[in-house]
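Asks: Chain by chain, the residues run as shown.
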Amino acid sequence: MITQYLFYFLTFTAIFCALLVVFSKNPIYSALYLIVTFFATAGHYFLLNAQFLGAVHVIVYAGAIMVLFIYVIMMLNLNKEVEPHKSNIIKIAATVCGGILGLVLIAALRETELGEITEYSNNGIGLIEKLGNVLFGAYMVPFEISTVLFLSAMVGAVFLSKKNIH
Amino acid sequence: MLSLENIINGIHTWLNNTFDPTLALTCEFVLLGITAIAIFAVLGLVLVLMERKVAAIMQIRKGPNRVGPFGMFQTVADTLKLIMKEGLTPDGADKVLFNLAPFIVMIAAMLLLAPIPFAKGVQMWDINIGVLFISAVSSISVIGILMAGWASNNKYSLLGAMRSGAQIVSYELSAGLSVITIVILTGSLQLSEIVNAQQNGWWIFKGHIPVLISFVTFIIAVTAETNRAPFDLAEAESELTAGFHTEYSGMKFALFFLAEYINIFIACAIGATLFLGGWMPFHIGNWEGFNAIMDYIPSSIWFVGKTFFLIFLMMWFRWTFPRLRVDQLLNLEWKYLLPISMLNLLVVTVMAIMGWYF
Amino acid sequence: MNEIIIVASLGILTLLAEIFNFKKLILPLVVAGLAANIVVGIMEFDLASYYNDADTLRMIESDLYAKCFMMLLSIIALVWVLVNYNFFSDETNQTDHLALILFAIVGGFCMVAYTNFVMLFLGIEILSIPMYVLAGSNKRSLRSNEATLKYFLMGSFATGILLFGITLIYGSIGSFYVYDVRMKTASVDFTITPMFTIGVVMLIAAMAFKVSSAPFHFWAPDVYSGSPTSVTSFMATFVKTAAIAAFMRLFITAFPTAIESYKNVFFILIIASLFIGNIIAVFQTNAKRLLAYSSISHVGFMLLALLCLSEATSLKSLFFYTTAYSFTTLAAFLVLKIVSENASGDDDISVFNGLAQRNPLLAGTMTIALLSMAGIPPLSGFFAKYNMLFMALNHGYLWLVIIAILASLVGVYYYFKIIIAMFTRNSTDSTAIPLSLLQKSLLVLLMLIIITIGWNGWVFNLI
Numbered sequence: 001m002i003t004q005y006l007f008y009f010l011t012f013t014a015i016f017c018a019l020l021v022v023f024s025k026n027p028i029y030s031a032l033y034l035i036v037t038f039f040a041t042a043g044h045y046f047l048l049n050a051q052f053l054g055a056v057h058v059i060v061y062a063g064a065i066m067v068l069f070i071y072v073i074m075m076l077n078l079n080k081e082v083e084p085h086k087s088n089i090i091k092i093a094a095t096v097c098g099g100i101l102g103l104v105l106i107a108a109l110r111e112t113e114l115g116e117i118t119e120y121s122n123n124g125i126g127l128i129e130k131l132g133n134v135l136f137g138a139y140m141v142p143f144e145i146s147t148v149l150f151l152s153a154m155v156g157a158v159f160l161s162k163k164n165i166h
Numbered sequence: 001m002l003s004l005e006n007i008i009n010g011i012h013t014w015l016n017n018t019f020d021p022t023l024a025l026t027c028e029f030v031l032l033g034i035t036a037i038a039i040f041a042v043l044g045l046v047l048v049l050m051e052r053k054v055a056a057i058m059q060i061r062k063g064p065n066r067v068g069p070f071g072m073f074q075t076v077a078d079t080l081k082l083i084m085k086e087g088l089t090p091d092g093a094d095k096v097l098f099n100l101a102p103f104i105v106m107i108a109a110m111l112l113l114a115p116i117p118f119a120k121g122v123q124m125w126d127i128n129i130g131v132l133f134i135s136a137v138s139s140i141s142v143i144g145i146l147m148a149g150w151a152s153n154n155k156y157s158l159l160g161a162m163r164s165g166a167q168i169v170s171y172e173l174s175a176g177l178s179v180i181t182i183v184i185l186t187g188s189l190q191l192s193e194i195v196n197a198q199q200n201g202w203w204i205f206k207g208h209i210p211v212l213i214s215f216v217t218f219i220i221a222v223t224a225e226t227n228r229a230p231f232d233l234a235e236a237e238s239e240l241t242a243g244f245h246t247e248y249s250g251m252k253f254a255l256f257f258l259a260e261y262i263n264i265f266i267a268c269a270i271g272a273t274l275f276l277g278g279w280m281p282f283h284i285g286n287w288e289g290f291n292a293i294m295d296y297i298p299s300s301i302w303f304v305g306k307t308f309f310l311i312f313l314m315m316w317f318r319w320t321f322p323r324l325r326v327d328q329l330l331n332l333e334w335k336y337l338l339p340i341s342m343l344n345l346l347v348v349t350v351m352a353i354m355g356w357y358f
Numbered sequence: 001m002n003e004i005i006i007v008a009s010l011g012i013l014t015l016l017a018e019i020f021n022f023k024k025l026i027l028p029l030v031v032a033g034l035a036a037n038i039v040v041g042i043m044e045f046d047l048a049s050y051y052n053d054a055d056t057l058r059m060i061e062s063d064l065y066a067k068c069f070m071m072l073l074s075i076i077a078l079v080w081v082l083v084n085y086n087f088f089s090d091e092t093n094q095t096d097h098l099a100l101i102l103f104a105i106v107g108g109f110c111m112v113a114y115t116n117f118v119m120l121f122l123g124i125e126i127l128s129i130p131m132y133v134l135a136g137s138n139k140r141s142l143r144s145n146e147a148t149l150k151y152f153l154m155g156s157f158a159t160g161i162l163l164f165g166i167t168l169i170y171g172s173i174g175s176f177y178v179y180d181v182r183m184k185t186a187s188v189d190f191t192i193t194p195m196f197t198i199g200v201v202m203l204i205a206a207m208a209f210k211v212s213s214a215p216f217h218f219w220a221p222d223v224y225s226g227s228p229t230s231v232t233s234f235m236a237t238f239v240k241t242a243a244i245a246a247f248m249r250l251f252i253t254a255f256p257t258a259i260e261s262y263k264n265v266f267f268i269l270i271i272a273s274l275f276i277g278n279i280i281a282v283f284q285t286n287a288k289r290l291l292a293y294s295s296i297s298h299v300g301f302m303l304l305a306l307l308c309l310s311e312a313t314s315l316k317s318l319f320f321y322t323t324a325y326s327f328t329t330l331a332a333f334l335v336l337k338i339v340s341e342n343a344s345g346d347d348d349i350s351v352f353n354g355l356a357q358r359n360p361l362l363a364g365t366m367t368i369a370l371l372s373m374a375g376i377p378p379l380s381g382f383f384a385k386y387n388m389l390f391m392a393l394n395h396g397y398l399w400l401v402i403i404a405i406l407a408s409l410v411g412v413y414y415y416f417k418i419i420i421a422m423f424t425r426n427s428t429d430s431t432a433i434p435l436s437l438l439q440k441s442l443l444v445l446l447m448l449i450i451i452t453i454g455w456n457g458w459v460f461n462l463i
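Protein chains in written order, with the working numbering: chain E, 1 to 166; chain L, 1 to 358; chain V, 1 to 463.
In short, the hints are calculated from the structure, not lab data.
None of the values given here were measured: they were computed from a predicted structure.
Please note that a few of the clues may not be correct.
Below are the BS3-like pairs computed for lysine-lysine, each with C-alpha atoms no more than 27 Å apart in a straight line [to be verified]:
(1) K162(E) - K150(V)
(2) K335(L) - K24(V)
(3) K155(L) - K25(E)
(4) K184(V) - K150(V)
(5) K335(L) - K163(E)
(6) K263(V) - K316(V)
(7) K25(E) - K95(L)
Turn these sequences into a full structure, and let the hints steer you where they fit.
Replies: Okay, structure coming up:
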């Protein structure tokens, strides 16, 4: 009962703040609303009994990525005057394209029949132990391969920020 | 025996016997909230006084000594003064964020109280990812600080906030890694289980040198994370006036001030829980008599004692070490602490697999 | 799996070279390692060494298709490293460049051998992220910066769409495993739901972006022309081969029956790629942009193999086409690189003026490469196109074949523009272009490959 109300509350917050991210004139506000959206998403994880994912979501997105985001926005001192002016035709075209995509998605998802829903009753599906078993069991190969991804991203970041010695 | 656990259980049973369950639960929530706020206020008062007294002892002077016996009511008087003051909002500031920021920092600090085991059986929320919860919530306060710095529309504030952000985000890494060493040894993220695992000895004794290394890294990292000297570049009164809270006054300033001290308390409480056995009493092998005496001391006293010892340590740092420059600060983290804690993590993992601890 | 482990270890070795200061040795070591990788691959190139994906927990398998493409990618990578030897001469960034390239190669291997959508996504990301970075490796050039930003933004959107598609397919099938998807879709009681359709279309869109097929090609000319020439040649050969192989693998493993339902999408992709690629290329004056548009038109041909998936020769045709195309493009970019470096970085078509007098070997290689791209017999490009069109004709797409032939006739025009410039125009600078021994031997080698590869059809029958 209370879970349901919480779900609706979190969903509403997430969607509302996500909209505000787009419509805010001030980039700082956009970033802050994005943080709220992340928190609402983390709340959903908690409702699904996946506390680990929720906590990691907060640590990684709200705590690290968004802080760097805000950091950069503050450093560049972006504000609404700096935002480049977009022509109306582009705006209209973008709206039409987005609208058509949205229409197709909604129309398709409306017709979708959900298969039978299996309810995972309280077997701790989102707990860290289960997650660890899955990561180091069935998904071990992608887990290991993803280290190459992170390593290359790290090397790339270092490379781009390195000064050339001439 | 009168212990915190018994009192709480007593209240719980009394409430449940007197009212219906829903009302009892509501009452408990209200009581919990009041307790949390009370802990907050008391801790703030005590820690500020302690800071001043410790500073005075270090500098061979008396410290506050006019208001009340040994100046004990000095902070109370200061708080009253701050409450009475007018809360100014600068003209060019972003009003909403400026006023919101102290509350965010405050709420983050308050949420952190939830998973801490204050004594045997006294814990507000024994969440199964306690350690992660703490690092998740403590990352919120950075956002509050950055908001405060940016919204003040003041160069010093912005610079202070930037420094603070960089500092907290970087030092979170080695703090997290040193926490993970204990998580590996215990095999659980739950704080109550971490405490229980130290029944036959605290990790700092059981874990040999690797845990000692991670304890030292942890203390350094949390000192930096709470923006305390020698890492107080975010405030740096000699160059940035007061850092991110330059423009704050009155109660809003007091909230920042309070949150800072609560963060110190929480960081030390976590350190005490992870490395020094939390509320577990000090036992030596099979000295039955000694252990019995130690057991007689209430668990809450043990916890508070350890925590305040660590707080004292952090205050001691402040008057011992010279301040670092920004580049030195970041070098220390990224070039020394982080590699050391990563290597240390590896060593601890091997140790845990091989069972090379008591 | 061996290939992935070898190349990933080489990548880590290069990073260690930076720490332990044996940077002088690292380039020969990497070349030796890549060569060793090819040798191991050839030695294991028999049925006995095929492992199915049970060993890798249903993530990667080395069937014939994966083996062949891994070998092709390894050879392309080795030739590319040799061709762009001086890309790694800058002391400061040498190890970074090498490590990024090696990691990108690992990504390419994942993309041709995956049996799980998770691995597809990871492979694409591992390949793309080093490419985003390398596109901007000329940090002082504004165009290079623009290229990297454009590539990164658009590429991450494409990846987002890919993930969205995978999610929707997961939602309607309940598995990330490609053979599960195939089994479910092949069963009688499976009806194609709208959710599934949208998922597949999103996957197609994302993959079409990665292979730079029109109408998802807008990034390609800017990124190709902005990036350093070495990186562009890697994008045009290695990345394109890996992406088209991943695209093909998606349909041979996951949706073999579904292609008929989505053939309209492929008609649009193919026709648009052929026409946009060839026609816009006519108006280009920048050689790199011209090659970029020509690569878009080649993608149009390659996609024919996906459309005619049920034909027995479709895999063979695609493999042969990518092989011929990759070596031809490597040769063309090698010449372009040498010539434009000689003209202090200018890559306008006019740098080719009078190349035949300045260095006949370069002009000869370029001519062979361009004629092969245009599809003139008896070069490999002709056989590649012939196989493709023959297959499409067998499948009954006569009209598509006519369109493709018309489009490639347009292509002949702009390829000849460069050839004419090389042989008839006079250069302002008539000094001879010096070549090192390595460059000479590579030019000859590539020329031989382009000429001979299609003759007796052994490459065609490899797969």
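Asks: Confirm or reject each hint.
Replies: Verification of the supplied hints:
no.	hint	verdict
1	K162(E) - K150(V)	holds (21 Å)
2	K335(L) - K24(V)	holds (25 Å)
3	K155(L) - K25(E)	holds (22 Å)
4	K184(V) - K150(V)	violated (38 Å)
5	K335(L) - K163(E)	holds (18 Å)
6	K263(V) - K316(V)	holds (20 Å)
7	K25(E) - K95(L)	holds (16 Å)
Checked against the numbered hints above, the structure breaks only hint 4 and satisfies the rest.
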